[in-house]
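Asks: Produce the complete structure using the sequences and hints provided.
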Amino acid sequence: MILKQLEKTKHGEHNIVIYPSTSALNDVMTVHYKEALEARNELALFVTTYTHPDKVRKILGQSGLDVAKYEDEGSLVIYDAVKGYQSTEGVYTVMALINMLFEKAAKLGKTGMFGMADMGSFFVYEAIEKLMSYELSLPSVWDKMKLRSFCLYHRRDFYSLLPEERQALIEHHYKYIRAY
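Numbering (the working numbering), first residue to last: 4 to 183.
Every clue listed holds true.
List of simulated lysine-lysine pairs, DSSO-like, C-alpha gap at most 30 Å:
id : residue 1 : residue 2
1  : K13       : K86
2  : K86       : K58
3  : K147      : K110
4  : K110      : K11
5  : K147      : K133
6  : K72       : K86
7  : K72       : K13
8  : K133      : K86
9  : K72       : K149
10 : K37       : K13
11 : K178      : K133
12 : K86       : K37
13 : K107      : K147
14 : K149      : K86
15 : K61       : K13
16 : K107      : K61
17 : K72       : K61
18 : K149      : K37
19 : K110      : K61
20 : K37       : K107
The set of hints was computed from the structure by calculation and includes no laboratory data.
Replies: Below, the structure written as structure tokens:
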């Protein structure tokens, strides 16, 4: 179900995905990063919280993706969410990275970008106000960016939010996708 929903996404969409477990996320990740890099010729970014970047590389490699090749050419970027969202530079470090990668994608002749960012670091650091402020500051649609983006929430994290916070996040994103 989730795989089909993600396949149908288009550039410009800023979506929210609720996943039940890291193994379910790994299944989604292996299919869609391969599709983004090989079939769609997109630059791909994964911002990870609960799986170490080296393990993400291993998982993607086991799916048949040539991780080293794509990282070397700059088409695949695996980034630690704690560095991106909880650093002293602030939560917009990831947006700065996306803007830089968007320019790189154009230089590499890519059709656009595909990005998944796990929002779990906000829960680990108990920074829910920061999370809500950040998420609600982003557009539901990236008007001028060829970017298919997905904010990832582990089900446990998402349901620890207040009902009105969950509703605000769902309403603010272009699509709400549940992976369970």
